[in-house]
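S.K.: Since chain G is already given, all that's left is putting chain R on it; use the hints.
Chains as they are written, first to last, in our numbering: chain G, 1 to 156; chain R, 157 to 455.
Think of the hints as simulated: they come from the structure by calculation, not from any bench. Any given hint could turn out to be false.
[Said to hold, decoys possible] Partner residues aside, some chain G positions facing chain R, computed with beta carbon under 10 Å:
(1) 49
(2) 53
(3) 57
(4) 102
(5) 105
(6) 144
(7) 146
(8) 150
[As the list claims (entries may be wrong)] 30 Å max Cα-Cα, derived DSBU-like pairs, lysine-lysine:
(9) G:55 to G:109
(10) G:121 to G:41
(11) G:47 to G:94
(12) G:121 to R:432
(13) R:215 to G:109
(14) G:121 to G:47
(15) G:94 to G:121
(16) R:227 to G:103
(17) R:432 to G:55
(18) R:322 to G:151
(19) R:432 to G:54
(20) R:215 to G:98
(21) R:432 to G:47
(22) G:94 to G:109
(23) G:151 to R:227
(24) G:109 to G:47
(25) G:151 to G:41
(26) G:103 to R:215
(27) R:227 to G:98
(28) R:215 to R:227
Bear in mind that the values here come from a model prediction, so they are computed numbers and not experimental data. Yeah, the Cβ is synthetic: ideal placement off N, Cα and C, and Gly gets one too.
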Amino acid sequence: MVSVRKTLKLGTLAAVAVAVGVALGTAGSNVASADHHNYEKRNAAMKSMGSAMKKLGTAVSAGNNTDAAAAAQEIAALADSTPELFAAREMTDKSRAKEEVWKNMNDFKAKAAATAAAANKVASDAMGGILSSDPRAVVGSIGATCSGCHKVYRAK
Amino acid sequence: MSGDFFSESSFAMGQTLRFLPILVLPALVLAGPVLAADAEHGAYVFASAGCASCHTMEKGGAFLAGGRELKTDFGSFFTPNITPDTETGIGGWSDKDFLRAMREGVSPDGGHYYPTFPYTSYARMSDEDLLDLKAYLETVPAVRNEVRDHDLHFPFNIRMSVFVWKLLFFDGNRFEPNPAKSDAWNRGAYLVNGPGHCGECHSPRNILGAMDNDRALSGNSNGPEGDAVPNITRGPGGIGDWSEDEIVVALEIGMMPDGDFLGGAMTDVIDENTGKLSDDDRRAIATYLTSLPPLASNN
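Same shape as in the complex, but just chain R:
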């Protein structure tokens, strides 16, 4: 694929820059990933990454125009406008800007994003998924909405503190498939740890708000809005005794094994994220989750 690009543009560039051949190679190298991005697939990635519920205000907010308040122990965050508006949104961002934001938590002007924005999970995502996502975002209606600054307690209101936090807690690693596992397992692992960012709610966190990776997905007694978030490993107190089929059904329509229906923050996840995935992808998530060793609950 990048081979196609290279061969096409090296011809064109070779013709126009035939007198400056030394510039061609570095230009091609710096051009980066250049598949024709697929906005239609991007809409699917958008669902799998669950962007809608945080980036849209709960009542009467314009789609993806930001401004939703996320109350945390560190203060209140107000989500940014991610419509293509060039002044108040992300219109005009380059591919590099977008990849850097999603995978490194760095804004186009070099500032650090707070990890409330889950780049800690999105870092696992592939170039293709991220660029397709960007292509989709470019198609949504641009909305002019200047979102207010975050309202954080000292010293968290010092954005440089995130730099230190990242040094301590952020690995930025890409997803590495496990060749010993099935395709379905690997797909599930990618979805859960990458775009699905499930651990951001379902993993316990330390006092500085970093996820405890040793106890990943075992629940959080102090989750969003102060609610307890269940254990989704095979350990007790959560979904530990659910079958793979039961997990698939829950992810699709929110029904639990006893016929009860999920409420709370998970309803947005079912409606906007897992409910919109393919059956195969839901099955992949269930395959991965049911393989996780049992961890004790943290709620």
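Excised from the complex, chain G in its bound form:
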């Protein structure tokens, strides 16, 4: 025979357990990922960076300093906005961002800053008319910072 008291105690315990479970389950994300809004924004920014890199390569091949500077400035602006785009810790099925982004946010920010710095240098070289004429060297100088971040913070 089970006492009423015991049942209430067990029931409360169960309710608490469920509540804790729910709290722990959602503790991982501080933004509801139902609409993937943050993922889409940051993914779009990354894709824009890729397009700008290609534009940069084309501009350097054509010897067009104006276009090269513009492309490089676009990359720098996107790199500057990256930490903000990743501020919300949103993980989705499609996202390749690793947990480490949010565990090591200071380093993640430093890597974004490195990309901005490399891109800004290309822009100022282009505006000063001293940019290398080798498209791969120019694109590679920024690209090394892209790979440097992807190596640590992006999954396959």
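M.R.: Just chain R, lined up with the frame of chain G:
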């Protein structure tokens, strides 16, 4: 070239051993390949063989002093010290020792190396490349570093098991150029299958860790560090729709056709290996890869 050597030393040896002519010929035969090895070219071979990233610890390790942990399904391997230190490295190895290690996976004391060390690919390399590589390695700073033993699961911790593995899976074949193909294609085939050892990551493996040569270069869902490695044949899901030019650019600076940049383990390959090759060699690799029939992806 070996003719030059033979004529030089047969004169010298003939003079000193004129009373023992029967010893001269076998001595010359046993002397083996003896071009003056070229350490400068060896530095290039070193880049093409990608030794640096495995044989140097990731954080703060001395160059080529070993000790890097490679975690696999069989346990952890710790890479050896390949600096010229005579006690803890490969200092004092003869040419024969080196060739045997690289092409047969056998150490100077006769033990078998685990195929985590990709002699399965290096076996394809030429004598000249290997000896030039050895000459280069002799110039790097000797570092005293006693590397710990591997930490492998039973029964893989029994080194004799490698002997059986080799019987089953190791062919040890040298690279054979295909006379019907261009020089560039053959150079690319040599680089990819030999020093580049691309298949060691990019080919699927069986349960005993041997590469599946029928599906060579079609990707591996369980690659180093558990990451999926892409298909680099013309099949779908990898670089199958990349042009030759796009492959060349990727190998040089890591940029993909959409402007994205490679990450993961491939960054070391770009930085230490393909990024340091000549444009012609990168083009040769691309020529070879774009000729490969399309295979389905294994990741």
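S.K.: Hint by hint, note whether the structure agrees.
M.R.: For each hint, the structure was consulted:
The beta carbon of residue 49 of chain G is positioned within 10 Å of a beta carbon in chain R (closest approach about 7 Å), and the interface hint is therefore held. Using the Cβ-Cβ criterion of 10 Å, the hint placing residue 53 of chain G at the interface with chain R is satisfied: the shortest such distance is roughly 4 Å. Interface restraint check: residue 57 of chain G against chain R, minimum CB-CB distance 8 Å, threshold 10 Å, status holds. Interface restraint check: residue 102 of chain G against chain R, minimum CB-CB distance 18 Å, threshold 10 Å, status violated.
A distance limit of 10 Å between C-beta atoms decides the matter here; for residue 105 of chain G the minimum to chain R is near 18 Å, and the interface restraint is violated. With a least beta-carbon distance of about 8 Å to chain R, the hint placing residue 144 of chain G at the interface is held under the 10 Å criterion. Interface hint at residue 146 of chain G: satisfied, since its Cβ lies 4 Å from the closest Cβ of chain R, which is below the 10 Å cut-off. Given hint, residue 150 of chain G at the interface with chain R, holds; its Cβ is 3 Å from that chain's nearest Cβ, closer than 10 Å.
Using a Cα cut-off of 30 Å, the hinted pair residue 55 of chain G and residue 109 of chain G holds, with the two alpha carbons roughly 25 Å apart. Among the hinted pairs, residue 121 of chain G with residue 41 of chain G is consistent with the structure: their alpha-carbon atoms are about 26 Å apart, no more than 30 Å. With a C-alpha separation of about 14 Å, the suggested pair residue 47 of chain G and residue 94 of chain G falls inside the 30 Å cut-off, and the hint holds. Among the hinted pairs, residue 121 of chain G with residue 432 of chain R is consistent with the structure: their alpha-carbon atoms are about 24 Å apart, no more than 30 Å.
Straight-line distance between C-alpha atoms of residue 215 of chain R and residue 109 of chain G comes to about 21 Å, which keeps the hinted pair within the 30 Å bound. For a cut-off of 30 Å, the pair hint linking residue 121 of chain G to residue 47 of chain G stands: about 21 Å separates their Cα positions. Under the criterion of a C-alpha separation no larger than 30 Å, the hint pairing residue 94 of chain G with residue 121 of chain G is inconsistent with the structure, at around 33 Å. Between residue 227 of chain R and residue 103 of chain G the alpha-carbon distance is near 23 Å, which keeps this suggested pair within the 30 Å criterion.
Only pairs whose Cα atoms come within 30 Å are accepted, and residue 432 of chain R paired with residue 55 of chain G is accepted, the gap being roughly 25 Å. Restraint check: the Cα-Cα separation between residue 322 of chain R and residue 151 of chain G comes to about 34 Å, which exceeds 30 Å; the hinted pair is violated. Simply put, residue 432 of chain R and residue 54 of chain G have alpha-carbon atoms about 22 Å apart, close enough for the 30 Å limit, and the pair holds. Among the hinted pairs, residue 215 of chain R with residue 98 of chain G is consistent with the structure: their alpha-carbon atoms are about 21 Å apart, no more than 30 Å.
The suggested pairing of residue 432 of chain R with residue 47 of chain G holds, with an alpha-carbon distance near 28 Å, which does not exceed 30 Å. Note on residue 94 of chain G and residue 109 of chain G: the hinted pairing holds, with a Cα-Cα distance of about 22 Å set against a maximum of 30 Å. In summary, the hint linking residue 151 of chain G to residue 227 of chain R is supported, as the alpha carbons are separated by about 18 Å, within the 30 Å threshold. The straight-line distance between the Cα atoms of residue 109 of chain G and residue 47 of chain G is roughly 19 Å, inside the 30 Å bound, and the hint therefore holds.
For a cut-off of 30 Å, the pair hint linking residue 151 of chain G to residue 41 of chain G stands: about 21 Å separates their Cα positions. With a C-alpha separation of about 20 Å, the suggested pair residue 103 of chain G and residue 215 of chain R falls inside the 30 Å cut-off, and the hint holds. About 20 Å separates the Cα atoms of residue 227 of chain R and residue 98 of chain G, which keeps this hinted pair within 30 Å; it holds. Distance check on the hinted pair: residue 215 of chain R and residue 227 of chain R sit about 16 Å apart at the alpha-carbon level, within 30 Å; holds.
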